[in-house]
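Visitor: All chains, please: the whole structure from these sequences, using the hints.
Those sequence lines, one after another, are chains B and D. Residues in the first sequence are numbered from 1 upward in steps of one, following my numbering. Residues in the second sequence are numbered from 1 upward in steps of one, following my numbering.
One or more hints might be untrue.
Note that the list lumps identical chains together, so a pair holds whenever it fits in one copy or between two copies.
As the list claims (entries may be wrong) - Below, in silico cross-link-like pairs of lysine-lysine (DSSO-like), each with a Cα-Cα straight-line distance of 30 Å or less:
{"hint": "1", "residue 1": "Lys163", "residue 2": "Lys184"}
{"hint": "2", "residue 1": "Lys184", "residue 2": "Lys164"}
{"hint": "3", "residue 1": "Lys76", "residue 2": "Lys184"}
Keep in mind the hints are simulated off the structure, nothing from the lab. Fair warning: this is a prediction, and the values are worked out from it, not measured in the lab.
Protein chains: 2
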Amino acid sequence: MAQNIYDQPEFFAGYSQLGRSVEGLDGAAEWPALRAMLPDVTGLRIVDLGCGFGWFCRWAHGQGASNVLGLDLSEKMLARARAAGPDTGITYERADLDQLSLPRASFDLAYSSLALHYVADVERLFGTVHQALSPGGHFVFSTEHPIYMAPTSPGWSIDGEGKKTWPVDRYLVEGPRTTDWLAKGVVKHHRTIGTTLNTLIGTGFTIEHVEEFRPTDAQIAATPGLAEELERPMFLLVSARR
Amino acid sequence: MAQNIYDQPEFFAGYSQLGRSVEGLDGAAEWPALRAMLPDVTGLRIVDLGCGFGWFCRWAHGQGASNVLGLDLSEKMLARARAAGPDTGITYERADLDQLSLPRASFDLAYSSLALHYVADVERLFGTVHQALSPGGHFVFSTEHPIYMAPTSPGWSIDGEGKKTWPVDRYLVEGPRTTDWLAKGVVKHHRTIGTTLNTLIGTGFTIEHVEEFRPTDAQIAATPGLAEELERPMFLLVSARR
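Guide: Dropping the structure here:
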């Protein structure tokens with residue numbers, strides 16, 4: 001059973017104030033890069049693993065997806081997603097990605113934004129997703145980058161001259177990482193890029209694109225604070241195909 | 001034209017004393033992991049990109065490879081490789097991997113150990129390798145891991161309690177990195193894992209395995225100094241298939 005941190009009041013309150021929660025997809029710097037990795041969603045049957053407030057589900061519905069299933073562990077997020085509508089074309093269900101079952105060949109696209117790092121057993125989940133996709137179906141996801149997640153102290157080291165570095169350690173020691181982000185004791189699961197990709201390949205997926213997200217020059221010009229993201233990647237974006 | 005650092009006397013003298021130069025493949029901690037990614041080489045036509053002293057060429061020849069072409073930019077390394085024999089089954093040629101041409105469909109396996117990080121234009125090289133492989137042919141290589149190569153100061157940061165971290169910066173700023181290793185001004189080319197894999201995919205390769213090398217527990221027990229390699233990866237190992 002995955003940790004249901006999003007339903008803790010302190011976490012939920014903090015998460016609700018993030019740019020990506022208030023502004024939706026356009027509040028997430030990596031969304032244009034992730035969107036560019038998606039197939040044309042027109043007419044597709046889509047499952048969103050960790051749908052949160054449902055921003056992606058509504059976007060896909062608006063783009064002409066055939067139907068969209070949004071899954072999340074958080075009752076609070078699902079309630080807000082359902083309240084945002086629309087009443088048809090999108091279904092929201094509560095699901096634990098560590099225990100998920102999905103019907104065979106029932107989706108053309110599986111999507112997941114920043115949820116897989118909460119999953120302990122991705123081999124099981126990738127297998128579930130693979131059999132749930134139609135032949136040729138797409139699996140496109142973002143997850144926290146292992147460089148970002150690995151360290152004992154996942155924060156900037158700043159030297160006497162103000163130079164920022166990211167103090168990587170334990171990169172090759174996979175397993176849980178507990179940090180305080182929005183609330184105390186948030187549990188994530190550290191895996192190398194190699195493990196993520198080899199698990200996909202071992203499950204039968206073909207790797208199509210791997211992106212260690214870098215803000216564009218235009219994004220940095222518009223939001224200078226993003227420049228520090230060039231120092232170390234925060235997000236890993238992957239597209240794979242059944 | 002790639003930098004021919006290996007032929008500089010200071011570099012060559014230092015490199016010749018490394019474990020992997022004296023002991024050969026068994027002196028390289030990552031060799032068992034890389035070997036496990038190779039197909040059975042019996043009867044294969046093999047090209048080794050950056051063959052150095054020819055240790056892999058001789059190993060492959062000994063395993064029954066049909067014929068082996070070893071390529072390197074360093075005259076000194078090729079001279080020593082040729083002197084080690086045997087006189088048939090292995091051919092050594094001088095080549096700059098940034099300007100390489102290879103005949104079409106002439107090899108079943110392309111191998112490269114720790115040479116690609118000296119190559120500025122891997123897109124060109126991967127294209128050359130792809131067309132030189134027979135359909136279904138394998139490309140297996142190791143390269144310096146981008147976490148290792150990225151930093152302005154690629155060395156351990158050690159805090160007051162002796163805790164080691166690897167100070168990552170400039171990870172998403174690809175391009176040359178100049179360091180002093182065995183000699184001053186060694187030029188390597190930093191690329192993210194994503195760029196390396198996407199370039200392979202774009203060239204027509206299918207990714208088969210991606211490994212961020214971690215010494216085994218047995219290796220660490222035998223050589224306790226290897227334990228620090230768990231903190232950050234030094235080598236990236238990839239196998240791909242035409």
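Visitor: Classify it for me, Lys76 with Lys184: is the Cα-Cα distance of at most 30 Å met within a copy, between copies, both or neither?
Guide: For Lys76 and Lys184, the Cα distance is within 30 Å only inside one copy (19 Å; across copies 58 Å).
Visitor: With identical chains treated as interchangeable, where does the CA-CA distance between Lys184 and Lys164 reach 30 Å or less: within a copy, between copies, both, or neither?
Guide: both (25 Å within a copy, 25 Å between copies)
Visitor: For Lys163 vs Lys184, is the C-alpha pair at or below 30 Å within one copy, between two copies, both, or neither?
Guide: Both, since 28 Å and 24 Å are each at most 30 Å.
Going down the numbered hints, you'll see the structure goes against none, and every one checks out.
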